[in-house]
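**Q** Listed here are the chains, written in short residue letters.
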Amino acid sequence: MLHSNLLRLVARRPPSRLMSTATKLTTVEVNDKTGIATLTMNRPPVNSQNVQLLLDLQSSISEIENNKSRGLILTSASSNVFSAGLDIFEMYNTDVERLRTVWTELQNVWIALYGTSLPTAAAINGHAPAGGCLLATACEYRVMRPNFLIGLNEAQLGIIAPKWLMAGFAGVLPKRLAERALTQGRMFTTQEAFEAGLVDEIASTKEEAVEKCAAFIGTFAKVNPLARGLTKLQFRADNIREFEEIREKDVADFAALASSAEVQKVMGTYLENLKNKGKK
Amino acid sequence: MLHSNLLRLVARRPPSRLMSTATKLTTVEVNDKTGIATLTMNRPPVNSQNVQLLLDLQSSISEIENNKSRGLILTSASSNVFSAGLDIFEMYNTDVERLRTVWTELQNVWIALYGTSLPTAAAINGHAPAGGCLLATACEYRVMRPNFLIGLNEAQLGIIAPKWLMAGFAGVLPKRLAERALTQGRMFTTQEAFEAGLVDEIASTKEEAVEKCAAFIGTFAKVNPLARGLTKLQFRADNIREFEEIREKDVADFAALASSAEVQKVMGTYLENLKNKGKK
Amino acid sequence: MLHSNLLRLVARRPPSRLMSTATKLTTVEVNDKTGIATLTMNRPPVNSQNVQLLLDLQSSISEIENNKSRGLILTSASSNVFSAGLDIFEMYNTDVERLRTVWTELQNVWIALYGTSLPTAAAINGHAPAGGCLLATACEYRVMRPNFLIGLNEAQLGIIAPKWLMAGFAGVLPKRLAERALTQGRMFTTQEAFEAGLVDEIASTKEEAVEKCAAFIGTFAKVNPLARGLTKLQFRADNIREFEEIREKDVADFAALASSAEVQKVMGTYLENLKNKGKK
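For the protein sequence lines, the chains are D, B and Z, in the order given.
Take 0 as the starting number for the first sequence in numbering that gives the first Met the number 0 and just add one per residue.
Take 0 as the starting number for the second sequence in numbering that gives the first Met the number 0 and just add one per residue.
Take 0 as the starting number for the third sequence in numbering that gives the first Met the number 0 and just add one per residue.
Mixed in with the good hints, there may be bad ones.
Since the list gives no way to pick one copy over another, a pair counts as held whenever it fits inside one copy or between any two copies.
As the list claims (entries may be wrong) - Pairs of lysine to aspartate or glutamate residues, derived as DMTMM-like cross-links and limited to a Cα-Cα distance of at most 25 Å, are as follows: (1) K264 with E244; (2) K174 with D237; (3) K248 with D94; (4) K248 with D237; (5) K32 with E64; (6) K221 with E261; (7) K221 with E271; (8) K174 with E194; (9) K174 with E200; (10) K23 with E96; (11) K23 with E247; (12) K221 with E243; (13) K174 with D199; (14) K221 with E191; (15) K67 with E261; (16) K248 with E89; (17) K23 with D249; (18) K174 with E191; (19) K23 with E200; (20) K174 with E241; (21) K23 with E206; (22) K274 with D199; (23) K205 with D31; (24) K174 with E244; (25) K174 with E243.
Hint data in this document are derived by calculation from the structure and do not stem from the laboratory.
Taking the hints into account, I'd like the entire structure generated from these sequences.
**A** Laid out in structure tokens, this is it:
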């Protein structure tokens, strides 16, 4: 009865495949007092997004949607990285089918987070490039610790942020600044991100960031949750519809691009550098 | 000859049903010097929008379009309310047909105001929740008296602002702030509304508000009225087209929602509270 | 392989008709050190856009795309006019076919500049009304000398900025301000344009303006040019698609409007005034 097209939108979202509450790379904690769930990414050292982390994120979002939580706060167990984005190791020297799986699961996480009717906020307690920024901008609110970097730097890596991600990004920044940041592959400092509107508040510690996220979710305390959720989904409906229309083509495009000799070579050099630095 | 698709847009607007210049709940005054018409809502105590007020608004807009006025200023006869939005009395304990009529006439007022080629401005001399904010944001310019509240608070009432209204709202505020305000059902103080861009100027009295609206309309003095009107309609064409596509479905959705037991109960409690407060 | 729909977009752009590097009304200079090309309009006294200048602009853009330049800076040889817009002399007392040609070539210049994958910036060293502002807003960045005027003043001339131009303009300014400026036919001073976001920087001399444009283009030094170009075209894809859909109808609309007795009369009066002032 209630705005049936929106309910259909929600129903159309891909079902999450894992329903267990004990996932490996994410944890969910619900605050007894506030009823707000905190979803923590925990894949050391930098929460790089392999297929397992992407599946665990979907599972945790689904769990929070079903456990009557009043909202979702996304954060990281790392002390200096929110998420480094897709895991290059999984995309190097592999077959097209694997690349298709990686991208499909990234899409699934994005739409699960962008399209949830729950209030969402990101406590960005470290760097958030590429896929890290994707998660943060899918939320409704962003609080970030000082002196870190955030941005969609795909162009710097020789790849292209997908159109559905651009649309979400342009919903946060003014259009002119969004285009410029995307073409530059610009990484914003916390302060620059705050001034541009890419993050809403700055917090000196992770605890303070989570508190500010909870305060944002608290602004919905007197709002009917069903009306709130449908309002959010109606506001985002055009982007969601366009995503659904292009998602399959987008997987094919990404797989073709990421398997190209040129991009594989960039990945190889990147991984070689990582090894030499003794990191990861 | 002149941009025929736009002229068709104009033609497609529903004809107003009352052509009499003497309406009951609205008055129209044309300033001899400036040629600008002031449309005043006068349904004490709070200009709540029943079907009659909605019909009278359409009739007055149509009258002003036809009397060669140079622009339209919308204001209220009340000293502290611009308009309180839809009249709950008309929607409580009634049949679906009545709910359909209420919503259809609200749509008709919105498109008459949003889609008029005349310059429009709102002198917001009091509170403007829900349908009051709808009227104000359909205009091209907004001047508001201090210490009142304005916003689309539908979510707080358990209902959902329609998509065409969201689109108009997102044309006034940055997208990120528009989504947040809609999901919160946020009421802005005059000062907050000014800082967010939701109102353009603050004026201490109604007279000053009307003067500032007239000054805005005066900025078009040297602009060819036909070119101006077509420019406005072309800029608003995408929203107008989407409204036309969904208007019928939107009436059905609203009637189903407003007749639900849940929303009827909210209305009943609201009206009970009004009675106990001795208001209205 | 790389995002085939975008490559198709690029391919669909009309081929430029003149390939000679020696054009009459424009010059191209490539800086040896930076690899950035400067395209200078040189049709005294005010760079009014006749068909020849429009063809020469297309030819020069195409030349710069093909000569491996790292970016394009658009500027003027005049000391006080960037470009005065379309040449009224070519549109007065002429036949519909000529009007169709003028508008088609204006469209061709706009899409060539708006849709190039190269980084683009405008060094606006003088007034930029109408078609001058069109060129500037098709670029990705704008630097302007003080005390000049810029804007889409079509409404003041009794005509209507085309929908594709409005879309580009609304990508630079907030939507609310874009609508207001378009309906007013507003000309912004350099300072006003800077405050509104219509220009990005102010520079006291042409040399400084060109330097600042080069610095902007330099921000792409470490970005893969192919990824950058595809990112830009994907961000602009919706506007480009809508332009392609309406471009033919838009030519017909303009020719009908510009050949009307009313608009021809305005043009006649304008040209008479020019003659009397001894200008041009």
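**Q** With reference to the structure, classify each hint as holding or not holding.
**A** Now the hints, each set against the structure:
With identical chains, the CA atoms of K264 and E244 are never at most 25 Å apart, being 31 Å at best within one copy and 39 Å at best between copies. For the homomeric pair K174 and D237, the shortest alpha-carbon distances inside one copy (16 Å) and between copies (13 Å) are both at most 25 Å. Only within a single protomer do K248 and D94 lie at most 25 Å apart by alpha-carbon distance; the minimum there is 18 Å, versus 47 Å between protomers. Taking identical chains as interchangeable, the C-alpha atoms of K248 and D237 lie at most 25 Å apart whether they share a chain (18 Å) or sit on different chains (17 Å).
Taking the closest pair of Cα atoms, K32 and E64 come within 25 Å of each other only inside a single copy of the chain (18 Å); across copies the shortest separation is 57 Å, beyond that limit. Taking the closest pair of Cα atoms, K221 and E261 come within 25 Å of each other only across two copies (16 Å); inside a single copy the shortest separation is 53 Å, beyond that limit. In this homomeric assembly, K221 and E271 come within 25 Å of each other (Cα to Cα) only across copies, at 19 Å, whereas the closest approach inside a single copy is 53 Å. Taking the closest pair of Cα atoms, K174 and E194 come within 25 Å of each other both inside a single copy (15 Å) and across two copies (16 Å).
In this homomeric assembly, K174 and E200 come within 25 Å of each other (Cα to Cα) both inside a single copy, at 21 Å, and across copies, at 17 Å. Taking identical chains as interchangeable, the C-alpha atoms of K23 and E96 lie at most 25 Å apart only when both belong to the same chain, with a minimum of 24 Å there against 55 Å between chains. With identical chains, the CA atoms of K23 and E247 are never at most 25 Å apart, being 28 Å at best within one copy and 49 Å at best between copies. Taking identical chains as interchangeable, the C-alpha atoms of K221 and E243 are never at most 25 Å apart, the minima being 32 Å within one chain and 33 Å between chains.
In this assembly of identical chains, K174 and D199 lie within 25 Å of each other by CA distance both inside one copy and across copies; the values are 17 Å within and 14 Å between. Within a single copy, K221 and E191 get their C-alpha atoms only as close as 33 Å, which misses the 25 Å cut-off; across copies the closest is 20 Å, which meets it. Within a single copy, K67 and E261 get their C-alpha atoms only as close as 47 Å, which misses the 25 Å cut-off; across copies the closest is 20 Å, which meets it. Within a single copy, K248 and E89 get their C-alpha atoms as close as 21 Å, which meets the 25 Å cut-off; across copies the closest is 47 Å, which misses it.
For the homomeric pair K23 and D249, neither the shortest alpha-carbon distance inside one copy (28 Å) nor that between copies (45 Å) is at most 25 Å. Taking the closest pair of Cα atoms, K174 and E191 come within 25 Å of each other both inside a single copy (16 Å) and across two copies (19 Å). Taking CA atoms no more than 25 Å apart as the test, K23 paired with E200 passes in neither setting, with 30 Å inside one copy and 50 Å between copies. For the identical chains of this complex, K174 and E241 are neighbours both inside a copy (18 Å) and across copies (17 Å), given an alpha-carbon limit of 25 Å.
Within a single copy, K23 and E206 get their C-alpha atoms as close as 23 Å, which meets the 25 Å cut-off; across copies the closest is 59 Å, which misses it. Taking the closest pair of Cα atoms, K274 and D199 never come within 25 Å of each other, the shortest separation being 36 Å inside a single copy and 41 Å across copies. Taking the shortest Cα distances, K205 and D31 sit within 25 Å of each other inside one copy (19 Å), while across copies they are farther apart (50 Å). Proximity of K174 to E244 under the C-alpha cut-off of 25 Å is found in both arrangements, the shortest distances being 22 Å within a copy and 22 Å between copies.
Taking identical chains as interchangeable, the C-alpha atoms of K174 and E243 lie at most 25 Å apart whether they share a chain (22 Å) or sit on different chains (21 Å).
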